[in-house]
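Undergrad: Counted the way our numbering counts, the sequence shown spans residues 75 to 361.
Don't read these hints as lab results, they were simulated from the structure. Don't be surprised by glycine CBs; every beta carbon is placed ideally from N, CA and C. Careful, some of the hints might be misleading.
[Claimed, not checked] Straight-line C-alpha distance at most 27 Å; calculated BS3-like pairs for lysine-lysine:
#1 Lys221 - Lys98
#2 Lys130 - Lys290
#3 Lys292 - Lys120
#4 Lys312 - Lys298
#5 Lys292 - Lys139
#6 Lys292 - Lys130
#7 Lys120 - Lys298
#8 Lys298 - Lys165
[What the hints assert, rightly or not] For each label pair, taking beta carbons as the anchor points, the in silico distance ranges come out as:
#9 Pro97 - Leu324: 38 to 46 Å
#10 Gly128 - Ala327: 33 to 41 Å
#11 Pro339 - Pro288: 40 to 48 Å
#12 Gly174 - His319: 30 to 38 Å
#13 Ala234 - Pro339: 39 to 47 Å
#14 Gly172 - Lys292: 22 to 30 Å
#15 Glu329 - Gly275: 25 to 33 Å
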Amino acid sequence: MKNFAVAGLGLLAAQPLLAQGEPKPPTPEVAVSRACAAAGGLEAFKGLGILGIGSKSEEVTQDGKVTTTLKNLYFLAPGPVPGRLELPESKVVAGDDGSGGWALVAGRVDTRPATAYMVKRSLVSSLFPLLLPFSLTWEGVAVTEVKAATVAGRPVWRLAVELPRTFFDSPQISPSWSVFLDRASFALVQAASPFTDLGKGVTADGMLYRWNDPVKVKAVTFHKEQRVTGLDEVGREKSHSRIDHFQFRLVPASEAGKLFANPVPPEQRPKPPAMQPPVMPQGPPKG
Numbered sequence: 075m076k077n078f079a080v081a082g083l084g085l086l087a088a089q090p091l092l093a094q095g096e097p098k099p100p101t102p103e104v105a106v107s108r109a110c111a112a113a114g115g116l117e118a119f120k121g122l123g124i125l126g127i128g129s130k131s132e133e134v135t136q137d138g139k140v141t142t143t144l145k146n147l148y149f150l151a152p153g154p155v156p157g158r159l160e161l162p163e164s165k166v167v168a169g170d171d172g173s174g175g176w177a178l179v180a181g182r183v184d185t186r187p188a189t190a191y192m193v194k195r196s197l198v199s200s201l202f203p204l205l206l207p208f209s210l211t212w213e214g215v216a217v218t219e220v221k222a223a224t225v226a227g228r229p230v231w232r233l234a235v236e237l238p239r240t241f242f243d244s245p246q247i248s249p250s251w252s253v254f255l256d257r258a259s260f261a262l263v264q265a266a267s268p269f270t271d272l273g274k275g276v277t278a279d280g281m282l283y284r285w286n287d288p289v290k291v292k293a294v295t296f297h298k299e300q301r302v303t304g305l306d307e308v309g310r311e312k313s314h315s316r317i318d319h320f321q322f323r324l325v326p327a328s329e330a331g332k333l334f335a336n337p338v339p340p341e342q343r344p345k346p347p348a349m350q351p352p353v354m355p356q357g358p359p360k361g
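Build the full structure now, drawing on both the sequences and the hints.
TA: Right, here's the structure in full:
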């Protein structure tokens, strides 16, 4: 049994309505705008400045094993970068000021070339579901379709969301998501990414996200609890689950340099692989 991919519906329970009774859906642009307005407004979200989020996650695998993970996240709204990720138990501190990622492990520089782009992907993997619906406005996120559906009898709009294949920090997280909004208020109801099969026996559960315990940061609504349930290959819920508990706080703008700037001296920063010039074909023999 594999853990959720980090960052890590009843798809069967979210049933589309019959065509003859289906109301006319809003456009994707209107749906996202209304969803952001229902959560306090996109401009209010962007105006928060730096937001700090402390999280404690308790995950139960399919075979009953329980693990606990602590994490601290910081980002400058609207996110995901500039951003910072701290894993106290692993002694990992990583950040990206928008020009590329850096990481320290127990105070030592992570010199792997992939660090330059993987830090942002790790931030995205953690923040994208947590910051819905605002994260639907991020670069690369495409809401391709809106349809009427129901979730446990509740009328909703189902938003089909397509993401770049390099959006998350693991290919085990599907780039195709569904986000469900209350049909009347456009409030966030749930979101889901499907089961993935990468071939050669490499699979990962889908993930169903639900939220509880709303809390306001200024005028913006977030949630202090996020429940994640595993989904099998046909969308059935599994016993594999995770509960994330969050605490939110605003951070003074004066802390931006300390949080996000790359502390690694330039000469110690990982270098991307050097590109080799292509081998030119040899011409026909002379003579």
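Undergrad: The structure should be examined with respect to each hint, and the outcome stated for every one.
TA: Evaluated hints:
1. Lys221 - Lys98: Distance of about 8 Å is within 27 Å: holds.
2. Lys130 - Lys290: holds, 19 Å
3. Lys292 - Lys120: Answer holds: Lys292 to Lys120 is near 12 Å, not above 27 Å.
4. Lys312 - Lys298: holds, 23 Å
5. Lys292 - Lys139: violated, 38 Å
6. Lys292 - Lys130: holds, 23 Å
7. Lys120 - Lys298: holds, 20 Å
8. Lys298 - Lys165: Holds, because 25 Å separates the two Cα atoms, which is no more than 27 Å.
9. Pro97 - Leu324: 38 to 46 Å: holds, 39 Å
10. Gly128 - Ala327: 33 to 41 Å: For Ala327 against Gly128, whose Cβ atoms are near 20 Å apart, the range 33 to 41 Å is violated.
11. Pro339 - Pro288: 40 to 48 Å: holds, 44 Å
12. Gly174 - His319: 30 to 38 Å: holds, 31 Å
13. Ala234 - Pro339: 39 to 47 Å: holds, 46 Å
14. Gly172 - Lys292: 22 to 30 Å: holds, 24 Å
15. Glu329 - Gly275: 25 to 33 Å: Between Glu329 and Gly275, where Cβ atoms are some 45 Å apart, the hint is violated.
Comparing the model with each earlier hint shows violations of hints 5, 10 and 15; every other hint is respected.
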